[in-house]
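**Q** The listed protein sequences derive, respectively, from chains A, B and C. Note that the first sequence covers residues 34 to 294 in this note's numbering. Note that the second sequence covers residues 5 to 244 in this note's numbering. Note that the third sequence covers residues 3 to 497 in this note's numbering.
For the record, the hints were derived by calculation from the structure and aren't laboratory data. Just so you know, these numbers come straight off a predicted model, no measurement behind them. Among these hints, one or two may not hold up.
Only pairs whose alpha carbons sit at most 20 Å apart, straight line, appear in this in silico SDA-like list of lysine to any residue [unchecked claim]:
(1) C/Lys427 x A/Leu63
(2) C/Lys436 x A/Lys248
(3) B/Lys136 x C/Cys280
(4) C/Lys250 x B/Gly202
(5) C/Lys54 x B/Asn189
(6) A/Lys219 x C/Leu39
(7) A/Lys219 x C/Ala23
(8) B/Lys13 x C/Ala301
(9) A/Lys248 x C/Asp30
(10) C/Lys119 x C/Met106
(11) A/Lys106 x C/Ala384
(12) B/Lys136 x C/Asp282
(13) B/Lys13 x C/Lys119
(14) C/Lys375 x C/Trp132
(15) C/Lys62 x B/Asp31
(16) A/Lys145 x C/Asp302
(17) C/Lys264 x B/Asn71
(18) C/Lys370 x A/Arg275
(19) C/Lys250 x B/Tyr194
(20) A/Lys211 x A/Gly173
(21) C/Lys250 x C/Asp302
(22) B/Lys89 x B/Val120
(23) C/Lys145 x C/Trp132
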Amino acid sequence: MSAGSSGTFNNSFLFNPMAKRKVSLFIQCLVDSMFPHVGEAMVTVFDRLGIPLEYPPGQTCCGQPSFNAGYQKEARKAALHFIELFEDSEDIVCPSGSCVSMVRHDYPELFKDSPKMQERARAVGKRCYEFSEYLVDQLGVSDCGATFRRKVTYHDSCHLYRNLGIDRQPRVLLNNVKELELIEMKDSTQCCGFGGTFSINYPEISTALVDEKIKNILASGADVVCGCDMSCLMNIKGRLSRLGETVEVVHIAEILAGSEK
Amino acid sequence: MAERTAFLKKIAIATGQDGETLRDPADFPAIFASEDQDALAAKTHRRSHEELLQLASLFEDVAKTLNLTCYRAASFKKAQKIIVKILKETEPEFSSEKIVMVHDHPDLVALNLPEVLQKKKITSYSTARGEKDIRARSEKALAGITAPELAMAAGAAIVQRDLPGQPRSTSLLPSIHIALLRLENIVADYDEFYARLGKYSEEAMVFISGPSKTADIEAVLVHGAHGPRALHCIILDEVE
Amino acid sequence: MSESFYRENAKKAIADDKLQAAINLIQDRFGTGLLNLWKEKPEMDELRNRVKAAKDKNLKNLDILLAKLADSVEARGGHVFFAETAEEARLYTIELAKRRHVKMVVKGKSMLSAEIKIDQALADAGIEHWETDLGEYLVQLDKDIPSHIIAPAVHMNREHIGDLLAKRIGTPLSYDPPALTLAARKALRRKFLKADMGITGCNIAVAETGQVSLVSNEGNIRMTGTMPPIHVALMGMERVVANMQEHKDMLQLLTLGAAMQKISTYVSFNGGPVAEGCPDGPQEFHLIIIDNGRSKILADETFSEILSCIRCGACLNVCPVYGKIGGHSYNRATYSGPIGAVIEPLFNGINAQADLCKGETLCGACLKVCPVKNNIPRMLLALREKLAYGDEKWDVEQQNPLEELAFRGVGEAMVSPRLWHTGEKVVRSIMKKKPHQNDMVTAMSGPGRAWTDDRDLPPIAEKSFARLWKEKLQNRPLPAEKKEDNSGKDEGEEK
Chain A
34 MSAGSSGTFN
44 NSFLFNPMAK
54 RKVSLFIQCL
64 VDSMFPHVGE
74 AMVTVFDRLG
84 IPLEYPPGQT
94 CCGQPSFNAG
104 YQKEARKAAL
114 HFIELFEDSE
124 DIVCPSGSCV
134 SMVRHDYPEL
144 FKDSPKMQER
154 ARAVGKRCYE
164 FSEYLVDQLG
174 VSDCGATFRR
184 KVTYHDSCHL
194 YRNLGIDRQP
204 RVLLNNVKEL
214 ELIEMKDSTQ
224 CCGFGGTFSI
234 NYPEISTALV
244 DEKIKNILAS
254 GADVVCGCDM
264 SCLMNIKGRL
274 SRLGETVEVV
284 HIAEILAGSE
294 K
Chain B
5 MAERTAFLKK
15 IAIATGQDGE
25 TLRDPADFPA
35 IFASEDQDAL
45 AAKTHRRSHE
55 ELLQLASLFE
65 DVAKTLNLTC
75 YRAASFKKAQ
85 KIIVKILKET
95 EPEFSSEKIV
105 MVHDHPDLVA
115 LNLPEVLQKK
125 KITSYSTARG
135 EKDIRARSEK
145 ALAGITAPEL
155 AMAAGAAIVQ
165 RDLPGQPRST
175 SLLPSIHIAL
185 LRLENIVADY
195 DEFYARLGKY
205 SEEAMVFISG
215 PSKTADIEAV
225 LVHGAHGPRA
235 LHCIILDEVE
Chain C
3 MSESFYRENA
13 KKAIADDKLQ
23 AAINLIQDRF
33 GTGLLNLWKE
43 KPEMDELRNR
53 VKAAKDKNLK
63 NLDILLAKLA
73 DSVEARGGHV
83 FFAETAEEAR
93 LYTIELAKRR
103 HVKMVVKGKS
113 MLSAEIKIDQ
123 ALADAGIEHW
133 ETDLGEYLVQ
143 LDKDIPSHII
153 APAVHMNREH
163 IGDLLAKRIG
173 TPLSYDPPAL
183 TLAARKALRR
193 KFLKADMGIT
203 GCNIAVAETG
213 QVSLVSNEGN
223 IRMTGTMPPI
233 HVALMGMERV
243 VANMQEHKDM
253 LQLLTLGAAM
263 QKISTYVSFN
273 GGPVAEGCPD
283 GPQEFHLIII
293 DNGRSKILAD
303 ETFSEILSCI
313 RCGACLNVCP
323 VYGKIGGHSY
333 NRATYSGPIG
343 AVIEPLFNGI
353 NAQADLCKGE
363 TLCGACLKVC
373 PVKNNIPRML
383 LALREKLAYG
393 DEKWDVEQQN
403 PLEELAFRGV
413 GEAMVSPRLW
423 HTGEKVVRSI
433 MKKKPHQNDM
443 VTAMSGPGRA
453 WTDDRDLPPI
463 AEKSFARLWK
473 EKLQNRPLPA
483 EKKEDNSGKD
493 EGEEK
């Protein structure tokens with residue numbers, strides 16, 4: 034752990050008025066229950082950058098699984114719960130692109146029949162950011178002061194890449210991690226085949242897709258695959274494990290927290 | 005007519021109208037309005053020789069990617085020689101004899117092909133009005149020769165209009181197609197091309213940008229699917 | 003039942019290495035190619051938006067455009083028939099063919115002709131009919147159906163094609179694409195010259211000039227519309243543009259979308275019998291404008307956007323699911339891939355085509371590549387909503403009441419954190435009892451089994467983040483406030 038003490042990161046955030054804003058952690062349900070260490074890693078990174086944090090209690094799920102399966106009434110209820118929980122937050126930051134896409138783009142659609150609710154949804158959506166996006170675009174951070182002595186390849190998650198347009202930000206952050214070698218895999222933006230309930234309803238197609246992804250990961254020669262969305266990473270990790278492959282799967286926050294392994 | 009009315013009323017209702025009375029296109033000119041193309045068309049007529057040569061180069065560059073063979077000819081005589089050479093080197097596909105179909109166009113008449121080709125044992129037929137057996141001859145033909153009056157450099161595309169004396173099949177049935185294109189008939193891009201089409205667009209016509217091709221078997225590109233297997237374009241820049 | 007059909011076909015396709023390689027090739031070349039083109043040439047965005055806006059305007063004024071188109075075609079001596087249903091279109095065609103004693107029909111590649119099932123009608127009427135697009139011809143000889151909008155025979159390899167042509171039309175056995183193409187060229191030329199009627203589709207109709215415009219690379223569509231004495235053009239009612247300027251824009255998107263071409267080899271414009279004094283071309287021209295379920299889509303603002311589709315097939319070339327399962331897996335429907343997943347359910351029943359609605363990951367690649375930016379993922383979600391709850395307007399029965407119950411239960415938990423975390427605990431204890439390897443669960447039961455059949459599942463952590471926050475993180479010691487030296491050395495590049 035060399036980071037955090039040098040105070041010489043190549044960042045401009047210290048001069049950014051945004052830095053004074055408080056961040057509300059929006060912890061994706063999968064991270065909450067299965068990968069809490071990813072949330073802890075986010076806390077470490079924000080602490081190191083001196084960003085004040087809060088964690089609004091009572092968080093559950095943004096409603097995306099229901100939404101994608103067509104259960105919009107249930108998704109709407111979850112959305113209302115989320116909006117009420119985060120309405121007073123300043124900036125809302127989440128370690129998952131697809132959840133942010135849900136809040137930012139799909140919540141307003143869910144309330145298209147109620148202008149007042151739609152306005153509330155939009156207001157919350159505007160303040161909701163994905164982790165790497167928030168660091169780079171809002172805080173002006175490019176170097177989190179981390180070290181990671183590994184060859185890493187990056188998977189562009191679908192909603193993160195296509196719905197939020199985030200592909201540069203995670204790469205900026207990874208490229209500034211000391212001793213990290215970033216290797217691009219073929220078709221990094223191709224879907225990993227997770228797709229929520231799709232992976233349960235159509236497992237053979239889902240597996241064929243994740244195998245394609247894994248083929249490209251292995252061909253890259255990297256020994257770590259990293260991304261900004263634990264749902265895709267869980268899918269990749271689950272299949273790698275079944276295949277007995279040793280490539281490690283980590284969330285970008287884990288790398289940026291500098292937890293050198 | 006009854007079926008037309010019922011059909012259109014259903015659409016009218018689908019688009020939120022009451023469907024009682026049908027809207028008359030004449031009452032909605034704005035739906036068909038397009039920008040005036042005359043200025044753009046006029047601009048293409050005022051090009052310098054230098055500019056036209058640049059367009060010809062662009063046409064040739066694009067043509068290369070489409071397997072369309074280009075030539076430059078500084079005179080009718082030169083164009084005639086190129087044609088003879090192509091015909092001499094091409095084996096007939098649909099008949100044992102070498103038959104050439106030639107559109108009725110002043111530039112092609114000026115090539116004086118029947119006389120020259122006869123010496124090489126190649127029979128040329130005009131497709132002019134009144135000529136007989138055009139279809140039967142075209143079916144056997146080695147080559148069809150046309151003189152397109154408009155071409156687009158950006159797509160290496162030529163236009164063939166449906167005109168008396170200039171049948172569609174001349175660029176379709178024969179084994180190969182040869183086009184004699186005047187340099188000044190080349191325009192730059194889609195915008196200029198359509199601006200110049202003007203009234204043509206009311207006629208039957210076809211844009212042609214290379215020989216017939218297919219990639220339906222394992223994505224392997226093969227030329228000569230159903231139309232001509234080669235397209236030769238002779239750009240005539242009459243300087244001599 | 004239909005679910006197993008979809009999944010069984012998908013499994014077969016996934017196991018077919020040659021099919022996988024063939025689809026990979028066109029996806030890499032055209033799909034990735036087009037995505038890169040949109041990225042490298044942002045100025046194309048203007049063209050795409052312009053075409054979408056024109057499509058939007060034209061759909062809102064479709065009654066006017068079609069009236070104008072029909073008037074223009076009729077003024078030139080062409081016949082126009084408006085067919086509300088596939089059956090009306092078939093009847094018109096067959097009656098015309100009988101009246102004119104048509105013995106043989108050649109067909110230019112037309113998806114709509116497959117949609118209205120004209121082949122069976124021709125066969126029933128005893129009329130010989132031949133597909134003339136090479137891929138379609140091969141598929142016809144093989145008594146199969148196309149598996150891609152633009153590359154109908156992508157599922158056939160050269161060995162299969164060589165054997166097929168040798169067996170069916172007696173060509174010398176060869177596996178060489180040029181030799182095979184030449185064999186088809188010869189065989190089909192005879193048919194073009196002999197046919198009594200040509201049937202084509204319509205890529206773009208121009209209302210103002212009364213022209214049907216068709217694109218092709220092979221020349222088969224020109225042949226079909228030129229050589230036989232009768233030309234019948236089948237047109238989906240939404241294929242119309244107002245004028246040549248709109249045609250210019252749409253043509254570019256169509257040929258780019260279909261095969262990354264600046265322009266196709268042939269772009270023909272026809273709208274009537276051959277003009278006075280012209281020596282060849284059809285003596286009769288019939289335009290059949292077909293609804294067949296489109297006006298119902300037009301009337302529903304959730305789905306009307308899909309009528310902007312230009313049928314370029316680009317969405318098939320980027321879809322990861324299509325890339326794995328191929329065109330035939332889509333319940334052997336006329337339209338496959340993402341576009342098929344939306345219009346087939348709308349045409350043929352949402353319940354019957356439920357797998358098409360649900361069998362995608364919603365990755366959004368189709369939306370990115372679509373030249374007219376049709377939001378297919380949004381429409382798939384709308385279809386799923388109808389399956390989830392049932393829908394009267396589209397006559398949809400709720401697909402799975404038990405599933406709704408489950409989602410309702412989870413929905414309750416989503417608004418009750420206590421219930422939510424209780425659920426977490428329950429799942430944790432269930433998972434604990436399951437077999438493990440390397441800290442991963444290897445075999446679940448119930449719905450989770452579909453996951454662990456092929457993948458391991460990470461366990462529920464001992465302590466959730468919420469609990470960690472409460473127990474330690476919220477009271478964590480913060481790093482000492484650092485007094486930064488702001489004299490300038492830290493000014494980053496972002497400044």
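**Q** Check the structure against each numbered hint from earlier and tell me which ones fail, lowest number first.
**A** 2, 5, 13, 14, 18, 21
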